[in-house]
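Chemist: Model the full assembly from the supplied sequences, consistent with the hints where possible.
2 protein chains.
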Amino acid sequence: MAQQAVTPQSVDFSKWYNEIVYKADLCELSPVRGCLIIKPYGYELWEAVKSGLDRRFKATGHQNAYFPLFIPESFLKREAQHVEGFSPELAVVTIAGGKELEEPLVVRPTSETIIMDSFKNWIQSYRDLPLLINQWANVVRWEMRTRPFLRTTEFLWQEGHTAHATADEAEAETMQMLDVYADFAITDAAIPVIKGRKTEREKFAGAAHTYTIEAMMGDKKALQSGTSHNLGQNFAKAFEIKFLDQNNESQHPWTTSWGLSTRMIGAIVMAHGDDKGLRLPPKVAPIQVVLVPIFKNDDEKAPVMEAVARLSKELLDANIRIHVDKREGMSPGFKYNDWEMRGVPVRMEIGPKDVQNNTVALARRDVPGKEGKQFVPQAGLANVVQELLKTIQANMLQQATEFRDANIKDVSRYDELKTLMDEGGWARVWWAGSGDDEGRIKDETGATVRCIPFEQPGGSGTCFYTGKPADTIALFAKAY
Amino acid sequence: MAQQAVTPQSVDFSKWYNEIVYKADLCELSPVRGCLIIKPYGYELWEAVKSGLDRRFKATGHQNAYFPLFIPESFLKREAQHVEGFSPELAVVTIAGGKELEEPLVVRPTSETIIMDSFKNWIQSYRDLPLLINQWANVVRWEMRTRPFLRTTEFLWQEGHTAHATADEAEAETMQMLDVYADFAITDAAIPVIKGRKTEREKFAGAAHTYTIEAMMGDKKALQSGTSHNLGQNFAKAFEIKFLDQNNESQHPWTTSWGLSTRMIGAIVMAHGDDKGLRLPPKVAPIQVVLVPIFKNDDEKAPVMEAVARLSKELLDANIRIHVDKREGMSPGFKYNDWEMRGVPVRMEIGPKDVQNNTVALARRDVPGKEGKQFVPQAGLANVVQELLKTIQANMLQQATEFRDANIKDVSRYDELKTLMDEGGWARVWWAGSGDDEGRIKDETGATVRCIPFEQPGGSGTCFYTGKPADTIALFAKAY
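Quick mapping for you: the protein sequence lines, in order, are chains C and V. All residue numbers for the first sequence refer to the numbering used here, where the first residue is 1 and numbers rise by one. All residue numbers for the second sequence refer to the numbering used here, where the first residue is 1 and numbers rise by one.
Hint data in this document are derived by calculation from the structure and do not stem from the laboratory. Heads up, a few of these hints could be off.
Pairs involving identical chains hold if they fit within one copy or between any two copies, as the list cannot separate such chains.
[As the list claims (entries may be wrong)] Derived pair list, reagent style DSSO-like, types lysine-lysine, alpha-carbon separation capped at 30 Å: (1) LYS50 - LYS313; (2) LYS373 - LYS195; (3) LYS23 - LYS120; (4) LYS390 - LYS373; (5) LYS77 - LYS353; (6) LYS15 - LYS335; (7) LYS58 - LYS390; (8) LYS58 - LYS99; (9) LYS276 - LYS120; (10) LYS326 - LYS120.
Bear in mind the structure is a predicted one, so any value in this text is a computation, not a measurement.
Modeler: Structure, rendered in structure tokens:
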């Protein structure tokens, strides 16, 4: 736990990120190319994401199930766009039980195909619909370039898979789940994501439409943080899923899928972190309050530790997630830096003077220095801390929202976009271009259409790239 | 949801099991050989197992983490016994990203090797010990014969991996985690498992000692339901893990591993089920109380559904897991059978007469017929139900304990063992045989040493097989 300086964000954001995820003890590289080891502190963060989402999935009527890790190679080939999109990234099992397999097994890159094969058996009648399934699982995509949490060969995620009796219901489900993602991101992760539709070029392989939540990172790049796909009848047809509708006519159902992954950990790190380390929103922080006892000798230690024990119990009873830093042989200053690196929202210091005065010192991670520090009475501490955690949660969302809004610029000419992409920021533009236009813009500037935001100003304008009349606003940005 | 009769346990227990897991909607076979699809009802049961264990792991100081699915082939070869034990069962990825891999990657059959490789980096000093890690994961073992939940190619489990500064501490951890498993099995799953040590022949590949919890199924066969391994310094030496102890001397730590899997679902089914279907202990039942509204026409429906809504809320507020069966076009009798098949501990019936009398009917799954049915006042219902669930939980444990104790027989001669194995039951014997003796007994009778139980009578006797003096009691049984 040596405390070397971190590369400042302003010097090299990418380097800052790579250093911070290790120093904050979230993860480490494994001996398997592109695979991550998620360490306990990182995994606790993932557990917070999981429970925040799982609760929302169940509240909207979804049930968890589990499907095989392996998918017969032939399944993937049934949906033409799907196999085209995924085949370069597959890991393939060819030997099992000491023998060569007759049909190779693909390690799932996503589970549409194997799940649709089951849905075929589960769906006979309109009474079986809607079918609302979610799976928590690991998936594997053999990526050329990997980065911790953002793009790894194996990653953890959830994938929802649903089937519906009408196109409208499938569309409503796709939207509902995007709203669930946005609500989690905004309310729990304090990330003010923007909801929108992906262009044809950027949509999921095999989808009719893909919707996305896009988040702005600290370097003003975008991170696609969760996607929800309306698959139309594409997969239902490819897997010959049929049901008898209320008029006793045979139809293909409309299906959806939606996923959010451990990438969200990267989003939380890059949306909130600073040069001192992580800054974790209280709702997802594994530790909300760290208690640091301060004493110089055994005479001081006894009363301090008595107060720490008493106050710990009060906070625990109020369901506040705490940790007492009892490590010996480390200075308080060292400990402060260490917990700042790990992004704990509130630090509570208790020394002999605090014991005397029946106070404690509370320091906020989101407000640096003296401004963020206050002395409060021990009486009624749990309430004060709970309110403080709410204040921090709200402040972090506000900070991120202000940062986002300050860095989305209206752009009306291509050269403006080029400049903005060099300087950093998202471009809001009138857009009437084609997929090929998107490709050229990407090649020349690195920017892609992040989404066609749901929130549209209305009216019309001139496409910044083609000069054609446009009635749609798009967001362009460089992205992870 | 057709209700054909199930093969009775007495006719063919194995067939009964295979039918019941599908009819109760726990799982279905997948198109991938030996891989199971765990359906929502089965997955909810697994979630109950997970949360019951996870809570206990965290209370004993363990933290969750996540390690890669893939293990370089060379890692497995480092511990000689380990690779010998697992190599016939491996699934191997040889192609990834369209290219042949230089070193094939094994899909983890268990994670000792990849985790020990990390522990090497995490452990430098005695201050880093004990290191207490758990992982929730899927693993793959290419089994020749598979059975739902009991033995599948891919299965879900948790695997604990810990490292300690002394042999005694490692032994204490191994025992502690066996106790955690036993406490879960007995308290939550109502399965009166027997704790004991595996013989050399039956221990885990690479372990110094293996401890087990053994459960008796309804056909009097044994099911190994969880194992805890003291790995000594075997893996620490193979992976060159070293730490500086308090005297500043370099030592290899002592490690343990322990696992419990979706096999526990099979244990719950076979320990408690009867010819009508599952019988789920209330503590792990996804639905604890099913409410069946009964009415003949719309006039009757309105007041019945009003009462159902009101009472549902009361039960939900008391944290009782309920389900209201609102399906139309099905007779109450059909619904009763359906919920009996799914093993819901309590059925609540509410008809027009109950509304009039301010009562409901409660029927216990564990006590068939009229004896298990009572009419109780609606006032104070939540308390009555909570007490009833406790009674059922206790009764199921008692039933299973009496069944187990009635079917463990003291056996002093080999021919007695042969007869008992034909009739069904476990044999308690004085034992002083060798691994080769175990092999011969297995070949001739199908029985294996399930464990050397911790609870020993003391004293000594004559080995039932070798005739040698023996001071140890062993349990022999046929097992899954």
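Chemist: Each of the hints needs a verdict: does it hold here or not?
Modeler: Each hint, compared with the structure:
| no. | hint | in the structure |
| --- | --- | --- |
| 1 | LYS50 - LYS313 | both (27 Å within a copy, 27 Å between copies) |
| 2 | LYS373 - LYS195 | neither (36 Å within a copy, 54 Å between copies) |
| 3 | LYS23 - LYS120 | between (48 Å within a copy, 18 Å between copies) |
| 4 | LYS390 - LYS373 | within (16 Å within a copy, 50 Å between copies) |
| 5 | LYS77 - LYS353 | neither (71 Å within a copy, 59 Å between copies) |
| 6 | LYS15 - LYS335 | within (24 Å within a copy, 61 Å between copies) |
| 7 | LYS58 - LYS390 | both (25 Å within a copy, 26 Å between copies) |
| 8 | LYS58 - LYS99 | neither (42 Å within a copy, 41 Å between copies) |
| 9 | LYS276 - LYS120 | between (52 Å within a copy, 28 Å between copies) |
| 10 | LYS326 - LYS120 | between (57 Å within a copy, 25 Å between copies) |
Of the numbered hints listed earlier, those contradicted by the structure are 2, 5 and 8.
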